[in-house]
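Visitor: Could you put together the complete structure from these sequences and hints?
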Amino acid sequence: MKVKVNIYKGTPDSKGKYVTYNMDVPPTDMVLDILEKIYHEYDPSLSYRYACGIARCGECAMLINDVPCLACERQIEPEMTIRPLDLPLIKDTVINRRQVFDHIKEILPEPGDIDDIYDSFEEMDEDTSHRKIENSIRLTTCFECMICQSMCPRYRSDDQGFPGPLGLLFLTQMNENPAQRPLSEKDLDMLAASCVGCGKCARFCPAEKKPLHLALELLKHHPAKAVTAHMVDGKTTVQEVDESV
Amino acid sequence: MKIPYEKLTFDIVVLGGGAAGSLAAIRAKKLGANVAFVTKESALVGGATIMAGGGTSLTQSPGDNGDVFFKDIMKSGQQINDKGLVHMVADNCMKAFYDLENCDLLLDRDNLKHQGSASMHTVKQGEGHAYPRAYLDRREALGFCHGLAKTIERLQIPRFTETIAVKILKDKDGKLCGLICYSVIEGKYLIIECKALVMATGGLGALYEETTNSTVLSGTGFALAFDAGTELKDMEMVQFMPLCFPYPKIRRGKIIGMCSLLGPSVKLYNGLGERYMHKYDPERKEFTTRDIGARGNYTEIKEGRGNPDGTITVDNRGFDPAILNRWKTANPFRYRQCVQTYGKKAGNWEEPFEAIPAQHFFMGGIKINTKMETGIPGLFAVGECTAGVHGANRLSGVAFAEIFSLGPIAGQSAFDYFKDAEAPKFDDKAAEAAVKAVEKPLERHVANGCRPYEIKQMIQHVVSMNLGPVRVGPEIESAIKELENIRDNIIPKMYVSDGDPRYSRERLDALEVPLMVETALMVAKSAAMRTESRGSHYRTDYPDKDPAWLRNVVISRGKDGGMELRTEAVAGEVQA
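If you're matching them up, the sequences are chains E and Z in order.
6 is the number of the first residue of the first sequence in the numbering used here; add one for each residue after it.
9 is the number of the first residue of the second sequence in the numbering used here; add one for each residue after it.
By construction, these hints were calculated from the structure, which means they are not laboratory data.
Everything hinted at is true.
Below, a list of computed lysine to any residue pairs in the SDA-like style, where the Cα atoms sit at most 20 Å apart: (1) Z:K257 / Z:M473; (2) Z:K275 / Z:A330; (3) Z:K257 / E:Q80; (4) Z:K353 / E:E213; (5) E:K42 / Z:T223; (6) Z:K275 / Z:R334; (7) E:K215 / Z:Q348; (8) Z:K257 / E:T33; (9) E:K214 / Z:G355; (10) E:K205 / E:C74.
Listed next, the stretches of chain E that the computed footprint assigns to chain Z, with coverage defined by at least 3 CB atoms under 8 Å from CB atoms of chain Z: (11) 46-55; (12) 133-141; (13) 145-159; (14) 180-190.
Glycine included, each C-beta is placed from N, C-alpha and C at the ideal position.
Guide: Okay, structure coming up:
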């Protein structure tokens with residue numbers, strides 16, 4: 006299959022440009038195969054990141070024809086424009102994931118001592134217990150590809166406040182895990198007040214069980230009135246996002 | 009030298025970003041050490057752990073216990089396992105497993121109230137297990153990764169991601185004193201001084217063209233350990249998985265699984281339309297163990313009886329819908345990949361699909377004792393990069409049982425050593441010289457040279473052709489010759505054309521290649537020495553198990569730096 010690939014080349018301190026390659030590749034190839042081919046045959050300096058090749062490590066997320074997706078499971082098209090996610094850049098298609106993680110790390114509470122967690126389980130009623138497990142499982146199927154983070158209009162890695170959708174997910178994971186102490190009202194209020202509820206983050210989530218949808222859904226039910234207001238006032242509600250995916 | 013370097017100091021460094029390393033780092037940090045976590049990946053917890061199906065073998069069924077589990081592991085390992093290590097895994101796996109819930113992790117349960125077998129989501133009996141032992145997780149291994157990663161972040165353990173170790177440093181007295189790493193993101197070297205180093209560098213999948221492992225598992229840790237002077241064991245023992253994806257290229261070799269996962273209706277056909285597994289295991293046919301299954305598929309393809317594109321056909325029409333459902337629930341990621349690769353019909357078993365065998369696990373590695381100590385004071389190792397637990401073949405779900413049980417012990421041992429150890433005599437000049445020696449080949453300009461990725465592919469080709477699931481003396485010998493040729497004649501011609509050190513894949517490849525060829529040579533030389541067939545090591549020129557070979561092959565570094573091989577009696581007391 007003949008394909009035309011325009012790929013972004015650039016670093017934070019240089020003006021980026023697109024380089025075009027025309028090549029003939031097997032129709033079963035994925036976009037990541039194309040990147041490998043460019044590195045091998047055309048441009049030894051091409052930077053791209055991946056580890057697993059099976060949508061597990063989340064490291065190869067990028068924008069392909071302006072759609073954020075994992076390069077390892079995105080099928081090729083006759084013409085493709087490939088560029089990095091809209092997050093701090095390292096080089097070419099590689100974004101600075103460390104900076105995003107470091108930013109989220111700042112808001113994670115210190116781990117507490119939880120030797121007595123099983124006692125608290127004993128007091129839980131059947132329904133709560135079941136719901137907590139199902140929520141916890143679903144929330145931890147995220148593979149941290151950072152597509153959500155790159156889509157969020159409120160997230161900026163230089164902003165000390167809102168940790169972005171991925172931070173929101175991390176905190177929700179802890180809040181729903183019965184083996185952890187629930188988050189403070191202050192943290193929940195901060196999340197609720199920062200998220201505008203536009204739902205852009207969840208729209209392109211490549212995780213099968215859509216963990217972020219659940220995190221947003223749970224936040225929507227947070228008692229802080231601000232949240233409800235934002236969710237209703239936002240242009241896209243979480244409900245609409247669910248239907249569009 | 010153009011490339012900058014930075015000097016850092018920690019008490020303990022953990023090398024390797026999977027669950028074994030994470031657990032070691034968490035334990036050492038909780039005990040109070042200043043710990044650094046160095047990983048080749050960007051994922052919060054990655055390595056081989058993130059690729060796994062999440063199955064963990066535990067002694068959770070009524071009547072089951074550590075002694076029964078011990079016997080099963082020993083039987084699968086064909087009795088060349090280290091008995092002390094096997095006991096530690098078999099006896100402690102349950103407690104270690106539940107301890108994971110102290111790491112921001114909720115296990116997949118039916119309800120929260122009861123601990124133990126009744127509450128686990130799915131319990132399955134695997135091949136070679138006397139009882140149903142497999143804990144399966146609806147997140148596959150992602151749940152473990154999430155929990156461990158969060159704990160590491162919350163404990164504020166500094167994490168050096170996308171950083172590869174290139175040299176282990178010892179002081180004048182032969183004690184560990186640090187290591188040299190290269191940060192791919194920043195394009196600079198890190199000279200790290202530390203009292204103790206825990207290696208959890210995983211297996212060597214990327215030495216093969218087809219592997220279920222991720223690309224980071226290139227086996228460089230074995231060569232680093234050898235270079236430092238520690239001994240390695242069972243380096244011939246490589247496990248293969250029978251059913252893996254043949255395409256697309258990027259997914260080639262990634263895991264589908266074993267026939268037993270797909271239910272009793274599954275049949276395998278070669279390119280001539282014949283069922284063939286009865287030739288390899290007349291009794292169990294398709295439902296044989298991993299080693300024989302992989303050998304059967306490999307042989308059909310290698311001897312020209314595969315499909316035109318070098319695959320075999322899996323036909324599971326007539327499946328039980330309940331089993332398809334279990335497959336979807338317990339292996340959601342593999343199911344999704346199947347549908348993507350083969351289409352909806354074949355992904356749902358309504359049509360046959362193609363598969364190949366691929367490298368899966370490595371049983372050999374760094375020789376350790378029951379405190380995870382190596383021969384070098386201050387150097388510890390744990391997980392797939394070590395030898396001993398699995399012997400000649402690994403039983404399903406025991407890799408996770410191993411890392412959960414032994415990971416924290418490695419952290420404990422490293423801490424115990426560090427707190428009493430005198431400061432090593434770190435020699436800054438020697439460390440700088442070592443950086444220069446590593447960097448020198450990368451600054452070379454060679455006419456008609458070889459690019460690093462080309463050499464990597466050469467190594468992978470030699471290893472895949474000659475050190476696969478079916479081996480024979482002359483092929484192993486030719487692999488040794490070809491690998492020595494690559495080391496002596498081709499690597500000196502390697503050059504890096506990428507002038508920008510920032511996130512340069514070419515520099516990463518160039519740093520891995522010399523280490524990969526050393527590791528491959530260790531596999532080849534050990535395979536040549538073991539003149540019998542045992543577990544995963546199968547030779548057509550010595551097709552039978554030889555009782556005289558109830559021993560381990562050990563590699564040590566000779567005075568001239570070369571590999572010296574010997575055999576050794578199996579470690580540990582015989583169980584009464």
